[in-house]
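Trainee: Listed below, chain by chain, are the residues.
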Amino acid sequence: MSTQPAHTDEHEAANEADTYIAAVDSELKSIIADVLGLDTDDVAQFTPETGLFGHLPELDSMAVAGLLTEMEDRFDFIIEDDDVDGEMLETYGGLLEFAQTKLSEG
Amino acid sequence: MIATWPCSLADGATSDELLVTIGEGDKASLLVIPPLFAEHNLMRRQMVLVMRALANHGIVSHLPDLPGWNESLAPLRLQTLDGWRSVIAQAAEQFGTTHVFAVRSGALLCPPQSQGWLYAPQSGAKLLRAMIRAQGISNREAGIEETSEHMAERGRAEGITLAGWEIGAPLFGELEAAEPLQSDGLTEIAQNGVGSPGLWLRAEPGENAEQAERIAALIAKAIDS
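As given, the protein sequences belong to chains A and B, one line each in that order. Going by the working numbering, the first residue of the first sequence is number 523, and it counts up by one from there. Going by the working numbering, the first residue of the second sequence is number 31, and it counts up by one from there.
Keep in mind the hints are simulated off the structure, nothing from the lab. C-beta: ideal position from N, C-alpha, C; glycine also. Check before you lean on any hint, since a few could be wrong.
[Stated by the list, open to error] Some chain A residues near chain B, calculated using beta-carbon distances under 7 Å:
| no. | residue |
| --- | --- |
| 1 | Asp556 |
| 2 | Ser583 |
| 3 | Met584 |
| 4 | Ala585 |
| 5 | Val586 |
| 6 | Gly588 |
| 7 | Thr591 |
| 8 | Ile600 |
| 9 | Asp603 |
[Claimed, not checked] The calculated lysine-lysine pairs, modelled on DSS-like cross-linking and capped at a C-alpha distance of 25 Å, are:
| no. | chain 1 | residue 1 | chain 2 | residue 2 |
| --- | --- | --- | --- | --- |
| 10 | B | Lys251 | B | Lys57 |
| 11 | B | Lys156 | A | Lys624 |
| 12 | A | Lys551 | B | Lys156 |
| 13 | A | Lys551 | A | Lys624 |
[What the hints assert, rightly or not] Using C-beta positions, here's what the derived DEER-type ranges look like:
| no. | chain 1 | residue 1 | chain 2 | residue 2 | range |
| --- | --- | --- | --- | --- | --- |
| 14 | A | His577 | B | His180 | 30 to 40 Å |
| 15 | B | Glu176 | A | Asp582 | 14 to 24 Å |
| 16 | A | Asp563 | B | Asp112 | 42 to 52 Å |
| 17 | B | Glu101 | A | Asp563 | 23 to 33 Å |
| 18 | B | Asp46 | A | Val546 | 49 to 59 Å |
| 19 | A | Gly628 | B | Gly55 | 18 to 28 Å |
| 20 | B | Asp56 | A | Leu578 | 43 to 53 Å |
| 21 | A | Asp603 | B | Ser38 | 36 to 46 Å |
| 22 | A | Gln622 | B | Glu234 | 28 to 38 Å |
| 23 | A | Asp603 | B | Ala247 | 37 to 47 Å |
Let the sequences and hints guide you as you build the complete structure.
Mentor: Put into structure tokens, the structure is as follows:
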């Protein structure tokens, strides 16, 4: 079957993308736990809808600065002033999407 | 033991600054060089825990304050990196320390040819970037708009207060270019070798006995070998 190998490649590519997204997700959760001093098991339960800024008492403005700086260090990208808006910090999903977009640009 | 030490300033005056010394014995003596600004406060308890753990291994350590730091009466805005470096070199000589243990941005102050350890060293540029970001966020909450680039320009030209710390123009310029000292005698201790996350990341000062013990054991092992 000539289509079989192509199908497998596609499947593998999809798997690789999933693994990559999972790796970014897990690193971001680890950064949040480290910076905010939260229990890793609690942060592991975060969903895209989990509220961050304005929802987590630990995440005040100084902690936001620490969080963004730690993301820059661990993901090796630069976050510009203009990148930081309410939407990106409102939910975990927003922050994860931001990290993935930044990583794909780099 | 808490005492003061006489530290000579660039203008010829002497300033009495605080000194914490822990441990006894003549096996080795460590000069603890703390991080600058907020991380100094965040890490102070932990540094003292490391010093106590070192004392259990028979190692003496000294944690000096510098002009403009902690309880010092000298105004922070007049301090320079060069001035602090020379005071740290004086401290090493006065106390006869054999090694340094520099924490985070403390690595920017190590005397040349130092032997010892740099714990999670941080460059001056990264330190400033984090402080500018914190200031920017609190500005925005107060309804003030100023870009990071503009704050950096102001820092270079006239000095700037970032997150409550008054940084003079000379110090700002020095920090932008400052890198942790690289020397054959210096070994880096990375946070992932110490266990749980670095305590400087937290909003409030904390302590972690297990991390302190790991750092002390690592240093003691190297000194004993």
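Trainee: Could you tell me which of the numbered hints above are not met by this structure, giving the numbers in increasing order?
Mentor: Per hint list: 8, 17 and 19 violated.
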